[in-house]
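Engineer: Residue strings, one per chain:
There are 2 protein chains.
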Amino acid sequence: YKINGTNHTSLYFRDKWVLDASDDEYGGVLVNAERLPSDPDKFTFVLRASLSHWKVKGKKGVWLKLPLEKCDLVPVAVKEGFQYHHAERGYVMMTYWIPEEPCMLPSNASHQVGVGGFVINDKNEVLVVQEKHFTPSLSGLWKIPTGFIHEFFRQTQSEEIFTGIVREVQEETGIDTEFVEVMAFRHVHDVAFQKSDLFFVCLLRPLSKQIMVDDLEIQDAKWMPLVEFVEQPLIQEDDMFKKIIDIFIARLGKRYCGLSVHQLVSKFDDKLSTLYFNTVDDPNLNCQAS
Amino acid sequence: YKINGTNHTSLYFRDKWVLDASDDEYGGVLVNAERLPSDPDKFTFVLRASLSHWKVKGKKGVWLKLPLEKCDLVPVAVKEGFQYHHAERGYVMMTYWIPEEPCMLPSNASHQVGVGGFVINDKNEVLVVQEKHFTPSLSGLWKIPTGFIHEFFRQTQSEEIFTGIVREVQEETGIDTEFVEVMAFRHVHDVAFQKSDLFFVCLLRPLSKQIMVDDLEIQDAKWMPLVEFVEQPLIQEDDMFKKIIDIFIARLGKRYCGLSVHQLVSKFDDKLSTLYFNTVDDPNLNCQAS
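Protein chains in written order, with UniProt numbering: chain A, 1 to 290; chain B, 1 to 290.
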């Protein structure tokens, strides 16, 4: 049984007819994507043998990651009963659940995360933008800069909420800022591709004054007097915008305290993570209301 | 040019050689998944013609949703230059960016959303569980019930944070609860499939007493005296657990106020959405600290 000019089958298979795979923590196996045969017919043969083997071994979930260049194997996997689990630009992850009992495989990502930033200067002016592409019903609205936080991609760590909003404001308006707090967040469903959206409303302190508009996404940007910003009909007529502005005004009047950022490593997963919590009233919790 | 026994080509193509597709709001096209030819060779031919046609028309992004039963078309699309965008169990979404300029297509979902619930009864006991599958370093830890919020699936609306945690507590322990607040949240990266995780720590009020353990996921559950819960070495030795417990204790002592739930419809997108914000100190914002 020869593959790609070698009869050293262990190059492709740990066992003679079984795909090279490692065990996961939940009784399943993760197929080694580096050692897949390229030929669909060979793959059909070995995949069948592998599934039988894993079944006998009492394995549960099978994870099969097929890179773009192995796309010819997708139809084979589907025919053998695999389903899609998730995909990124360069690969699709497929899964097969062996036991009779209900599938216990985890879901894929369910949310996108957006951020918006209130930046107010010492003249009581708010940093606002008009976008090039907007919902027609929002025509004419001056809004705060918003965007999505960047994802883990090519060895780059995903962004934090508190760094993502600083980047977005910088990109859209050229203004440098310092993150102060998350004031509130909004949860909404069935947005892009039926996924959900979490949107974090942040307060930022400006570190520069000179606006430079990003021509690609932004039509215009300016410092707008707070009163003028608040009195825009599209804000006053919308329950959501109105409530968010109320929170912002309460925060400016020091009648509200948002959630500030604390970075910690947990032994639980040994990861640097960020905890956001309200710091009002308790001196031990280091209130940052200023 | 006959497909599936009919020469009524408009059944499959709006134009003679062009795939049936509708325009999106951003100058792109969404191919109609219902009217794809099944045969890979025919699909190759029509896909090429369609791409040329869309290029001439100045179209930007092409969205091609291939259901599981059309998996034979995946290799064709890859060979014509498509990449994967995202996938759900029953389909893979592929994209092609026509212009020379940088790709402006939106990312896919980047986060999973978890919830954890502190449930404390009038005897100052906390509802705690031990999981069947746990990280070895957490062996012996009694922890609060946690889980992921359920996703939009088969016409069912995605869960809210405040309903997801009530369901999780009920499933794991049989205890009915009422949601009070989000006390804090944690953001961590590179968790499942390199995606990020947002974990919301909630406070709940118990509505029942009798524990019924879920045998599938939970080893054991019980009401544990608060002091005993807090003094567990694994909690005291971990910065993250310790900080979350500090917040919980401050909240019990009414020295902390979390974020409560307000559901609103915004005209912006006409969707029912949930706004979470701190309600301390401002009577207009209806503080629920109790």
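Rather than coming from a laboratory, the hints here were simulated on the basis of the structure. These figures come from a predicted structure and were not determined experimentally. Certain hints may be false.
One copy or any two copies: either way a pair holds, since identical chains are not told apart in the list.
With a Cα cut of at most 27 Å, we get these calculated BS3-like pairs of lysine-lysine [claimed, not checked]:
1. LYS267 x LYS143
2. LYS209 x LYS65
3. LYS271 x LYS242
4. LYS60 x LYS132
5. LYS57 x LYS254
6. LYS243 x LYS254
7. LYS267 x LYS132
8. LYS267 x LYS243
9. LYS123 x LYS79
10. LYS271 x LYS132
11. LYS79 x LYS42
12. LYS143 x LYS243
Engineer: Run every hint past the structure and note whether it holds.
Structural biologist: A quick look at each hint next to the structure:
1. In this assembly of identical chains, LYS267 and LYS143 lie within 27 Å of each other by CA distance solely across copies; the values are 14 Å between and 41 Å within a copy.
2. Proximity of LYS209 and LYS65 under a CA criterion of 27 Å is satisfied in neither setting, with 48 Å inside one chain copy and 45 Å between copies.
3. For the homomeric pair LYS271 and LYS242, the shortest alpha-carbon distance between copies (16 Å) is at most 27 Å, but the shortest distance inside one copy (38 Å) is not.
4. Taking the closest pair of Cα atoms, LYS60 and LYS132 come within 27 Å of each other only across two copies (16 Å); inside a single copy the shortest separation is 49 Å, beyond that limit.
5. Taking the shortest alpha-carbon separations for LYS57 and LYS254, neither the intra-copy value of 63 Å nor the inter-copy value of 54 Å comes in at or below 27 Å.
6. For a Cα distance limit of 27 Å, the shortest separation of LYS243 from LYS254 qualifies both inside one copy, at 16 Å, and across copies, at 25 Å.
7. Proximity of LYS267 and LYS132 under a CA criterion of 27 Å is satisfied inter-copy only: 19 Å between copies versus 45 Å inside one chain copy.
8. When the C-alpha separation of LYS267 and LYS243 is checked against a cutoff of 27 Å, the pair qualifies only between copies, where the shortest distance is 13 Å, while the shortest distance within a copy is 38 Å.
9. In this assembly of identical chains, LYS123 and LYS79 lie within 27 Å of each other by CA distance neither inside one copy nor across copies; the values are 66 Å within and 57 Å between.
10. In this homomeric assembly, LYS271 and LYS132 come within 27 Å of each other (Cα to Cα) only across copies, at 23 Å, whereas the closest approach inside a single copy is 39 Å.
11. In the homo-oligomer, the alpha carbons of LYS79 and LYS42 lie at most 27 Å apart both inside one protomer (14 Å) and across protomers (21 Å), since each shortest distance falls under that limit.
12. Proximity of LYS143 to LYS243 under the C-alpha cut-off of 27 Å is restricted to the intra-copy arrangement: shortest distance 15 Å within a copy versus 35 Å between copies.
Taken one by one, the earlier hints fail for this structure at numbers 2, 5, 9, listed in ascending order.
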